[in-house]
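**Student:** Put chain A on the given structure of chain Z with help from the hints.
If you want the building blocks of each chain, they are given just below.
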Amino acid sequence: MTARTMLTIAALTVKEASRRRVLRALAGLTILLLALSAWGFSRIVAEFGTLTSGEAKLAASVVLNLVMFGLSLIATLGTAFLAGPTLSGEIESGTALAVLARPIRRSAVLVGKWLGLVAFGSGFVVLAALAQCLVVWATVGYWPPRLAVGLGLLAAQVTVLLTLGLLLSTVISPMASGIMAIGLFCATWIAGVVGNFGNALGNESVAHVGTVSQILLPTDGLWRGAMNAFQDPTLRGQFSEAFSGNPFLSEAPLTIAYLAWTGLWAALVLGLAAVAFQRRDL
Amino acid sequence: MSADSTAQQGGPSLDAAERLVAELPPAPAVWCSDLHKRYRRRTAVDGVSLTVGRGEVVGLLGPNGAGKTTVIKILLGLVRPGAGDVLLLGRPARDPYARARVGYLPELFRYQPWLTAAEVLALHVRLAGVAVPPRERLECLAAVGLADRAGDRVGGFSKGMQQRLGLAVALVARPELIVLDEPTSALDPIGRADVRDLLLSLKDRGVAVLLNSHLIGEVERVCDRVVILDKGQVAASGTLEELLGRRELRLRLDGVSAEAEARLAAAGRLTRSGSSFTVTLPADQDTTTVPDLVADLVGLGVRVHTVEPVRISLEERLLDILRDGQSGDSR
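Taken in order, these protein sequences are the chains called Z and A. For the first sequence, this note's numbering gives the first residue as 112, with consecutive numbering after it. For the second sequence, this note's numbering gives the first residue as 235, with consecutive numbering after it.
Just chain Z, with the same shape it has in the complex (with noise of 0.2 Å):
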């Protein structure tokens, strides 16, 4: 009974979400980068047709990351202002009212809403940064050497965002929710820039800034390791200097305990989304 409550919720989630204009200005926000990266990657192979082999890589790694960034950007704002709504504006609106009447438990419908986000941002995300990649290979024939990784570090990000936001929204107003889970995203992907400075200019305290930051939201860690497994992995030794201070190249790969702590994480910030959802007053 609960499994198919929250089947049900999150299929009513994914209904919804396919359903509203969110859907339509994410596709129209995503074909908008995907043609301009496309014609970006073009003039790389036109203008600098003078470049080395591993500068093209470079740059395509470079250029690559920056977009898979700005995807990453449009499936983490749009799950988050999904997320936000789908939870605090229908306990606002009364919707939730007539639903959580029924004989279901409250846990099992946010488990289900988080499944549908799940389902919904990361079944985006991977199939715009998939789509994204053949551009590349058609312009410039490069390909990502970890593929599979990368995507799934991609969507593991949204759903880390997304559970942030569903947590907040138990708690205060959808509006509020989905602009504090934005706010958070940003300012940890600003520490992990400020922290790889300080990494680059050896100074330990500022580096701990990012380190804590990922630490506290793994996002910015989770898109350090996509970017990793995008880029060419024989660049390291090649422009080690290019690596210093780049926000848009990564030094290393994702620790197992990273991942492990990430996946704790969001356990933890479920769990906790259940139990003010369990105990709110509607």
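Among the hints, a few may not be true.
Computed, partial: chain A to chain Z, Cβ under 7 Å [what the hints assert, rightly or not]:
| # | residue |
| --- | --- |
| 1 | 312 |
| 2 | 317 |
| 3 | 331 |
| 4 | 333 |
| 5 | 338 |
| 6 | 342 |
| 7 | 344 |
| 8 | 348 |
| 9 | 361 |
| 10 | 364 |
| 11 | 403 |
These are computed hints drawn from the structure, not numbers from a lab. All C-beta atoms in this analysis are idealised placements derived from N, C-alpha and C, irrespective of residue type, glycine included.
**Tutor:** Chain A only, in chain Z's frame:
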């Protein structure tokens, strides 16, 4: 004693216990005891107990802010009570499955605007865990006048149509108890009449109904019993006969002596305005009370112009109870 002999003895006694349980009358549709709820420093519900029997239609009345909607939400597990117990159809309300056969139309009704009316019903049937064929779901929509809008998105519905859809949602999963919170707030007069007919048909089918409504006429027409809430407490409750049992007698009299006035006061609470006298008769009056009073008055030399029996309406009774409560507070 060996384990075998215990089992042999346990067999028939278990059967007897099962028979005893099977022969018990079914548990009430709603039973709640001593419910309390505070929102920060404000007490919303303060010791409310009520029962809705199987197949009974009970009206919940009271002024704004009396705690009616909070009581309903506590019954349905939407609000956590500070204290008190709730049983729905014999099961503790903490268990979500207690609501398996409960339909609910919230006061703040809104349904997924991106779904069609038929999809909303399909969703609720699935969540209720009941197998209701599409044909029966359509009949449900027809019962609330939405048969031809089944395929339309709810986003395009007027408020009245959404409230009708809410009624269909409350009815669709073959409920044994329906809780309706202001079910006619957005409906036109025809819609209100439709809801009244619907409530009467539910009553005929033995479905218990808890109805919160400001339309006292509606409550008076369909309810078996009424519970009046005021300031989070039960101010009065009972069948309509019990609550409205009091009748008034209005008389226009001449030549009323002190002795005649004492005779009038002996019949019930007396109020006088010039030659008009109003006697509130007790609920347990018999058929001879009024003729005896008139005969005695004539015997005491009173000239009787008119004698007019008046039944108190639920509205007057409600106002009486609420005003009594207020004067009790001010004392």
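**Student:** Using Cβ atoms only, decide whether residue 317 (chain A) comes closer than 7 Å to chain Z, and label the hint accordingly.
**Tutor:** Where the cut-off is 7 Å and the nearest Cβ of chain Z is about 15 Å from residue 317 (chain A), the hint is violated.
**Student:** Under 7 Å is the threshold here; is the Cβ of residue 361 (chain A) close enough to any Cβ of chain Z for the hint to stand?
**Tutor:** holds, 4 Å
**Student:** Using the nearest Cβ pair, does residue 333 (chain A) come within less than 7 Å of chain Z?
**Tutor:** holds, 5 Å
**Student:** Using 7 Å as the Cβ threshold, decide whether residue 344 (chain A) counts as touching chain Z.
**Tutor:** Holds: closest Cβ of chain Z sits about 4 Å from residue 344 (chain A), inside 7 Å.
**Student:** With a cut-off of 7 Å, does the beta carbon of residue 312 (chain A) approach a beta carbon of chain Z closely enough for the hint to hold?
**Tutor:** Result: holds, 4 Å to nearest chain Z Cβ.
**Student:** Let me know if the C-beta of residue 331 (chain A) comes in closer than 7 Å to any C-beta of chain Z, holds or violated.
**Tutor:** Hint on residue 331 (chain A): holds, closest Cβ of chain Z at ~5 Å, below 7 Å.
**Student:** Against chain Z, with CB atoms and a cut of 7 Å, does the hint on residue 338 (chain A) hold up?
**Tutor:** holds, 4 Å
**Student:** Next item in the hint list is residue 364 (chain A). Is there a CB on chain Z closer than 7 Å to its CB?
**Tutor:** violated, 10 Å
**Student:** Can the hint on residue 348 (chain A) be confirmed by a CB-to-CB distance to chain Z that is less than 7 Å?
**Tutor:** Cβ of residue 348 (chain A) sits 4 Å from chain Z, so the hint holds.
**Student:** Let me know if the C-beta of residue 342 (chain A) comes in closer than 7 Å to any C-beta of chain Z, holds or violated.
**Tutor:** holds, 3 Å
**Student:** Against chain Z, is residue 403 (chain A) within 7 Å by beta-carbon distance?
**Tutor:** holds, 6 Å
Violated hints, listed in ascending order, are 2 and 10; each of the other numbered hints is respected by the structure.
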